[in-house]
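Undergrad: Sequence:
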Amino acid sequence: MRTVFCLIALVFMCNGISGLLLPGLRYASRDAPLSWFSRVRRQPLLTHRVIDINQDCFMVTSEEGELFFKSPTDDPVVCGIYMIAEPDKRIQVTFNYLDVPCDNGGLVAWIDGWELNGQVWPADSWDDDRMIESCDRRPQRKLVSRQNAALIQYRVPARGKGFAVTIRHLKNTRPCNLMLFGAEGVYTLRNHGEAGNCSIIAISPTTVRVLDLNVGQTLKRDTLLEMETGTIHRCTKRGLPDYVDIGGASGLDHTRMEVFDSLCGLDSIEGHRPISIACEDTVVRLVSAGRYQNSVTLAFSPLPMEHIEHADLICGLNDI
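Heads up: the sequence shown is residues -19 to -1, 1 to 301, going by mature numbering (1 follows the signal peptide of the UniProt record, and there is no 0).
Hints may be right or wrong, so weigh each one.
Said to hold, decoys possible - Capping the alpha-carbon separation at 30 Å, the derived lysine-lysine pairs in DSS-like fashion look like this:
#	residue 1	residue 2
1	70	51
2	218	152
3	142	123
4	218	123
5	152	70
6	218	70
7	152	123
8	201	51
9	142	218
10	218	201
Claimed, not checked - Ranges between beta-carbon positions, derived for each pair:
#	residue 1	residue 2	range
11	83	211	57 to 63 Å
12	49	218	21 to 27 Å
13	215	141	56 to 62 Å
14	122	280	25 to 31 Å
The hints are simulated quantities; they were obtained by calculation from the structure and are not laboratory data.
Note that CB positions come from ideal geometry on N, CA and C, so glycine has one too.
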């Protein structure tokens, strides 16, 4: 797990939070600038933890508990709490109190998902309900994410002012978008018979193997085909409406992903050749028109550094 959060820290070090909801503001600075790596690190158990802006301005945490923040300065510093849970969980945040004056530009923003470098995840289903901005008065209701990642951005330019939140992880019975802690494990994407897009994003170069594929074949009334079609490749070029893209991206917005292959069909035979993705983020995106019960089961494993130059997809080569 330590390796995983180091990878996440590396992403922050290269990009940084853009302040999408709090634009035009400067970030934390001191006489000697702090490195991104020192400000983004995995946190211990969060029970009654006080945020130190000098160390935790950009914080990634997978723990439940209570977080307190009290501003030590009047500077308009923008910081973020990046929360992530297990893939089958959702994140619930309750504001226990909020004392952030609006009149001097203070603001706290809840984001259902992650934002980094001007990109949001998941990008397919953005709407106004995924963003809640507050100052002076705390949100009265509990804020619950639709997937296993959420973010609190805040700017408190008033010494002694701040907020407190309680973080809980709730069971998600119908996960659609999954952000992975690390590039290892077996996961299944399902559309649950609905139209729309679902995705898995792993923040690292990854090897992906398709273990089971049922996309564009099983009707919603549960009528199965008598014979398997096998894996059909390049389904988007064939004009098929249901498919799964496998590829990578150079940021959180997986709608901008580079696609190595688009698959569909009915295939339960394991042992397909794994696909190696040498990108900042590895992305699997299931696109469904709503007629079929689509699912794809995949095994993820880390891509060794010595294999990166021979990967099936290396992001950015088309830009050279």
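Undergrad: Would you list, in rising numerical order, the hints stated earlier that this structure does not obey?
TA: Result: hints 2, 4, 6, 8, 9, 12 and 14 break, sorted rising.
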